[in-house]
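Chains as they are written, first to last, in our numbering: chain A, 1 to 233; chain B, 1 to 104.
Keep in mind the hints are simulated off the structure, nothing from the lab. C-beta atoms are modelled at their ideal positions from N, C-alpha and C, and glycine is treated no differently. Warning: the hint list may mix true and false statements.
[Stated by the list, open to error] Short derived list, chain A residues pointing at chain B, Cβ under 10 Å:
#1 Gly26
#2 Trp105
#3 Lys106
#4 Leu113
#5 Ser145
#6 Gly159
#7 Gly168
#8 Gln184
#9 Ser187
#10 Ala197
#11 Gly209
#12 Ala233
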Amino acid sequence: MRSNPEQTRVGVLGPAFTASIPVLLGYSTIGIAFGLLVVKAGLPWFLSPVMSIVIYAGAAQFMAIGLLAAGTDIVQMAILTLVINARHMVYGLSLLDRFAVCRRWKGYLIYALTDETYGLLTTVSPPEGARAESFYAAVSALDESYWVAGSLVGAVVGGLVPAEYTKGLDFALTALFVVLLVEQVRSIRRVEPYAVATAATVLAFVLFGPTNLLVVAILLSIAGILAFRRRLA
Amino acid sequence: MSYTIEAILIMGLVTLLCRATPFIFFMKQRPPAILDFVQRYIPPMIMTILVLNSFKTLRFDRAPFGLPEIFSALAVAALQLWRRNALISIVGGTGLYMLLIRLL
Chain A
1 MRSNPEQTRV
11 GVLGPAFTAS
21 IPVLLGYSTI
31 GIAFGLLVVK
41 AGLPWFLSPV
51 MSIVIYAGAA
61 QFMAIGLLAA
71 GTDIVQMAIL
81 TLVINARHMV
91 YGLSLLDRFA
101 VCRRWKGYLI
111 YALTDETYGL
121 LTTVSPPEGA
131 RAESFYAAVS
141 ALDESYWVAG
151 SLVGAVVGGL
161 VPAEYTKGLD
171 FALTALFVVL
181 LVEQVRSIRR
191 VEPYAVATAA
201 TVLAFVLFGP
211 TNLLVVAILL
221 SIAGILAFRR
231 RLA
Chain B
1 MSYTIEAILI
11 MGLVTLLCRA
21 TPFIFFMKQR
31 PPAILDFVQR
41 YIPPMIMTIL
51 VLNSFKTLRF
61 DRAPFGLPEI
71 FSALAVAALQ
81 LWRRNALISI
91 VGGTGLYMLL
101 IRLL
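Same shape as in the complex, but just chain B (with noise of 0.2 Å):
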């Protein structure tokens, strides 16, 4: 059991360090300039990242070839396009893509 709670223990210890090392780093200085520049590009290209990161277990080389996920995620860009409601949009798709794979 110690080994277990050592390992979750460094574990986390771990994560908090990822997520806590840019504050530590640039408590007292601001970021160098490249860094200012990046930092405000990296929300839009981290979210095209994890949504295309979702997609990364598709098969497309057998049915139903991806299409719920597809379909499901074009239906949410469009309702949250058209109506820019994230609860409408995420339930409405989600809803939609549980429909599909039970249907495809």
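This is chain A alone, in the form it adopts within the complex (with noise of 0.2 Å):
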């Protein structure tokens, strides 16, 4: 059965919010924290939901305060981002054939492409019916606008919301991940893929420490996951 695009829209709106809603939890209260720091370095209110939207990288935002602050060298500042993002370049490798179907979202998903939507994107099916690449674009629109809107909102009132009350919410992204790889067990039945990145982890910790840990942990699994191609094809 074939629906116009536009009842398929409203049709996956309802999967999509529920889908994002831990990350509501971790990114609004994450964006006030971020949109408080931009205004406690003494920088204007407005780059803060400017940066959400114009960088949207967590991260990278929040190295982009102090660096901004202290006026450091542009080259200097992109290079940084660089090491941070780098990444992404894996995330899209394992969306090739997802995003293939896409066309008119398809920049906009690529643009949008944080750690958050990408574990809701790979793990979460579209609902039965639905075009998967509405979904998709439902998803990370949200995802962008709870991240948009918390920094938004942290630089203007932030100041005013008692810090006691939310301390601790940001849990819900690390519970988000969580789930996300207990679902990925449940799909991938082989136990390589999680002692590969388990030990690339540990080793990328005791090598180079905390800075930096994602994008050494990720290039050391991938090489790890090399050494297993006989006995996982």
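Each of the two chains sits in its own frame; use the hints to bring them together as a complex.
Pasting the structure below:
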């Protein structure tokens, strides 16, 4: 049965919103923290939502606050951003097939591909009968709206919200990753990828410490999984 | 101000390029077999790394020894295995975490 695009869009919003609620909890609170820090660093409030739209990458944005306030050289900022966000190059690789059917929203989906949105898009299936692209776009746009709204609220009124009430809400993002990991274990029932990734993360931590842990761990895990190519084939 | 705007634009551009690289690279051709193999195991590996990465700043050498994080994460996994409802798992685990950091 085929439905027209308008019906399809209405049909995906509900499921997309349900899927995105954990990100709502995490992005709004971390976004508020980000906005607060922007203002505390002496930067104008509007830069908070502007950065959230133009950069839209949490870790890089938090790093940028200090660098901007210190007037860091732009080339150096570009290199640091590259190091922090290089992991996203790997994300796209496993989305090539899913995004191959996408047309109208493909550019937006690529721009909006954060850790959390990547996790949702690779784990949650689009609702039965709906266009996958519409579902992906709805999830991505909802996630981004939480982040931008949070960073705007944080910069404008963040100082009014007592931090002790919201303390710990950002655990929702860790919880989201745990849920997505459980779902991965359900669908890929081989011990190798999990063991390799754990070993790679521990090794990256021992060798380089917590800074740039993600990018080093991802590179090591890709090298590691190749060693099991025969066994997994 | 022009420095700030310029810096933000450059950071946005670099981030976008990172995200777009695989799509630009494999727009016309299929990825080679070796990448095709790797990409199948990227989601489970990335999720494992992202979970462990969340715990990288924990201090196990002083109270509360990372216990709120570890208990809450185990609770999330248990809830997810039991009810298979992401919302219950995440809201439940986050609620438990917010309680534990105030009690421990």
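Now the hints, each set against the structure:
1. Taking 10 Å as the C-beta cut-off, the interface hint given for Gly26 (chain A) holds, the closest approach to chain B being about 9 Å.
2. Because the smallest distance between the Cβ of Trp105 (chain A) and any Cβ of chain B comes to about 13 Å, over 10 Å, the interface hint for this residue is violated.
3. Annotation: Lys106 (chain A) was flagged as interfacial toward chain B, and the flag holds, the nearest CB pair being 8 Å apart, inside 10 Å.
4. Taking 10 Å as the C-beta cut-off, the interface hint given for Leu113 (chain A) holds, the closest approach to chain B being about 5 Å.
5. Annotation: interface hint on Ser145 (chain A) violated; nearest CB of chain B at approximately 18 Å, more than 10 Å.
6. For Gly159 (chain A), the shortest C-beta to C-beta distance to chain B is roughly 21 Å, which exceeds 10 Å, and the interface hint is violated.
7. Taking 10 Å as the C-beta cut-off, the interface hint given for Gly168 (chain A) holds, the closest approach to chain B being about 4 Å.
8. Proximity of Gln184 (chain A) to chain B holds as hinted, the smallest CB-CB distance being about 4 Å (cut-off 10 Å).
9. The restraint placing Ser187 (chain A) at the interface with chain B holds, with a minimum CB-CB distance near 8 Å, inside the 10 Å limit.
10. A cut of 10 Å between beta carbons decides the hint on Ala197 (chain A): the least distance to chain B is about 4 Å, and the hint holds.
11. Interface restraint check for Gly209 (chain A): the shortest CB-CB distance to chain B comes to about 9 Å, inside 10 Å, so the restraint holds.
12. Taking 10 Å as the C-beta cut-off, the interface hint given for Ala233 (chain A) holds, the closest approach to chain B being about 7 Å.
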